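**Q** Residues per chain, in single letters:
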Amino acid sequence: MSQRKERSRRTDLDGVTHWLIHQAAQRAPESLSSRLEEEWLADLESRSAALSRLRFAVGCCWATMVIVNDCPRSKVPAASAAVSTGGVLTLTDRGFGYFSLRSATLFLIAGLHFALFYGMIATLSHTRRSTTPPDLQNIVVKPVPAVTSPSQGTVLKDWIINVPKPDTETPSLPPIQSDVRAEYNETPVVRDLPVSPPETPIHIVSHVAGRPGAGFPETGDFYPSPAIRAGEEGLSTVSVCVDVRGRLTSAPTTEKSSGSARLDDAALRLARAASGHYRAATDDGQPVNSCYPFGVRFQLKK
Amino acid sequence: MVKKDTSVRMSLQTLRVLEAFLENPSEQLAGAQVHQRTRIASGTLYPILLRLESAGWFVSRWESIDPSSAGRPRRRLYRLTSTGLRRASEVFASFNRGVLV
Chain A
0 MSQRKERSRR
10 TDLDGVTHWL
20 IHQAAQRAPE
30 SLSSRLEEEW
40 LADLESRSAA
50 LSRLRFAVGC
60 CWATMVIVND
70 CPRSKVPAAS
80 AAVSTGGVLT
90 LTDRGFGYFS
100 LRSATLFLIA
110 GLHFALFYGM
120 IATLSHTRRS
130 TTPPDLQNIV
140 VKPVPAVTSP
150 SQGTVLKDWI
160 INVPKPDTET
170 PSLPPIQSDV
180 RAEYNETPVV
190 RDLPVSPPET
200 PIHIVSHVAG
210 RPGAGFPETG
220 DFYPSPAIRA
230 GEEGLSTVSV
240 CVDVRGRLTS
250 APTTEKSSGS
260 ARLDDAALRL
270 ARAASGHYRA
280 ATDDGQPVNS
290 CYPFGVRFQL
300 KK
Chain B
0 MVKKDTSVRM
10 SLQTLRVLEA
20 FLENPSEQLA
30 GAQVHQRTRI
40 ASGTLYPILL
50 RLESAGWFVS
60 RWESIDPSSA
70 GRPRRRLYRL
80 TSTGLRRASE
90 VFASFNRGVL
100 V
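Protein chains in written order, with numbering that gives the first Met the number 0: chain A, 0 to 301; chain B, 0 to 100.
Okay, chain B solo, but in the shape it has when bound (with noise of 0.2 Å):
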């Protein structure tokens, strides 16, 4: 799959989507799972998701369970790419660097 760093625009709820991911960046979290973390509502998480999903920062793909047997159905996941990892770290870091008065 052809990936493209391309830069997204940082929001506060970016940001807070983008915290989720990095507490445990292997894990694979549903959009439901993210909006459990930072309760951010639907009509911005998607986009969000979408977003940085373009921007090649997250990859997803859909739950390997089947859904007659777990009672539900399965649900789209979403996990930082390398890529997405070294990026959100960048801008968190900015930001650890504090402010030069």
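The following block holds chain A by itself, in its conformation from the complex (with noise of 0.2 Å):
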């Protein structure tokens, strides 16, 4: 049974086999191309397995190869007919310039390479440039030398998410959509520079952070249902960068943890689910790329 399947096996292969060998021999240099041919096929007859014949016949193709690289500093005998009549064949048939075809593969690998490169380089100095963070830059004023009010810094803001606090006899999770209250305390940060010379021009940059705005997802939807049951509370706060279209140009990070793992995670999740619906930061009411933090509070209903 095992040999009959061998057999049509063989039979299907041995199509492929033998074109494969003829090709490899074609591909040698052309004296030696009949020799190599009949002296593989008949080499193959020693072979019973299809797969086995198969690889004989690929490996023909990879010394076809290499003879042709060896070719140039060889001198080998060519078919029989050749030899016998005390001949040797130096095997310069095929032309070994300067722009050989291995010459060519090589300078085509090189300008792939190098293209990829460039393409690579110009691809990271153009997303590093549109990626950084406008207010990271300094902001400089001129002439006036720099500086800050007390009002200068990161507010955290902070989202204030009550939830009715589970009875502990009843099992059933309370109902969370229906008293969530997000409060939010919006205080812009105005950096106003005092006039110190008063025949200087004067250039007066107000800064407003940005903070959730309009559409912000549902927050009682975040508040997982093991933390409630837990009776689990607190601030997350997490960092975001937001472009000025309010949509988030990073993954949000966790700034400083609320000491649970599971409100932590569901303050990403909330920071993740908002993109697009933050204010972004303006200078000069010029809306900006920008990077905050917020703090989403956790906080179960009495």
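In short, the hints are calculated from the structure, not lab data.
A quick note: this is a predicted structure, and the numbers were derived from the prediction, not measured.
Hints are supplied without guarantee of correctness; some may be wrong.
Stated by the list, open to error - Distance windows between CB atoms, simulated:
no.: 1; chain 1: A; residue 1: 110; chain 2: B; residue 2: 63; range: 49 to 55 Å
no.: 2; chain 1: B; residue 1: 38; chain 2: A; residue 2: 125; range: 51 to 57 Å
no.: 3; chain 1: A; residue 1: 110; chain 2: B; residue 2: 91; range: 44 to 50 Å
The C-beta atom is built at its ideal place from N, Cα and C for all residues, glycine as well.
Hints are included, so try docking the two chains, each in its own frame, into the full complex.
**A** Rendered as structure tokens:
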């Protein structure tokens, strides 16, 4: 049974095997072509397994490449007729100049590498330029010396989610949606630079930090049920980077943990889901890319 | 036939091919038989055989059989030349000297 299967497989692959050997021999130097084909076909007969024959044929293809590379410096007697006349053929019937197939392939590969490298550098430089948050850059005010007001700095904003505390005797969860109350203290940071020399022109830069904006998702949906059952509460501070259209430019990160991994994860989920609903920070009324933290407070209603 | 005794790059596979021929220096072997003894794949074996032949270490000829009566095609047989035998013996002798520590 297995012999019959092997025989049928061999019949299927024999065509491929002979074709490969023929192709390999054709690619060999012309003086060796017929000799190698006959030699390989004869040696092929010593193999019975179909896969072994196929492997042999593939090996012949490889052998041709090696022989072609060896050609310029080798002298091999060609077919029997040539040998009988006593001649030793120098295998230089293929051109191996500076622009041989090998050189062309080398140049092509080198060119592709160069193009890829150039493309990568160009993309990286463009990405770096576009993702640098402008609010991290220095605000240059000329010619007034840099003086900052006491109000400068990051304002932490709290999202307070009040959820009724679950009854320990009843395992069912309290309705969260209806009792969710989100509070947000909008305290824009305004940097007003005092006028020191009255004769110099004054440029007042007002910076308003970004914050959650309209259409922010329902925060109660993100209070994890296990955390409600366990009575976990806390304030998780999440840092987000948003563009001028209020979309996240990078993944939000936990800046300060609430002490509960579940609540921190929930705050990150909320921050991710809110992409597109942040209000961009503004410099002189112009929206700019910015990174800022905000707090998400998970609190059960007493 | 003009024979050129040129140096041959000695790889492990080349040594194994030479070893197969040195078992019986007068024996003529086809590529398939060398493969059976050395288990070197065809992609490596035939370039080595051609390289050794071009260096004058081997000579080759077609097997003198009638393919129709034998039921198989004729093979290309390789044999060590006197130069090849001497050079191969030198190579193996150099290995047998060992390493001075």
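**Q** Given the hint of 51 to 57 Å, check if residue 38 of chain B and residue 125 of chain A actually sit that far apart at their C-beta atoms.
**A** Given about 55 Å between the Cβ atoms, the range holds.
**Q** Look at the Cβ atoms of residue 110 of chain A and residue 91 of chain B and judge whether their distance stays inside 44 to 50 Å.
**A** Roughly 46 Å apart at Cβ, these two residues keep to the hinted range, so it holds.
**Q** Measuring from beta carbon to beta carbon, are residue 110 of chain A and residue 63 of chain B in 49 to 55 Å?
**A** For residue 110 of chain A and residue 63 of chain B the Cβ distance comes to about 53 Å; the hint holds.
The structure is consistent with each of the numbered hints, conforming to all of them.
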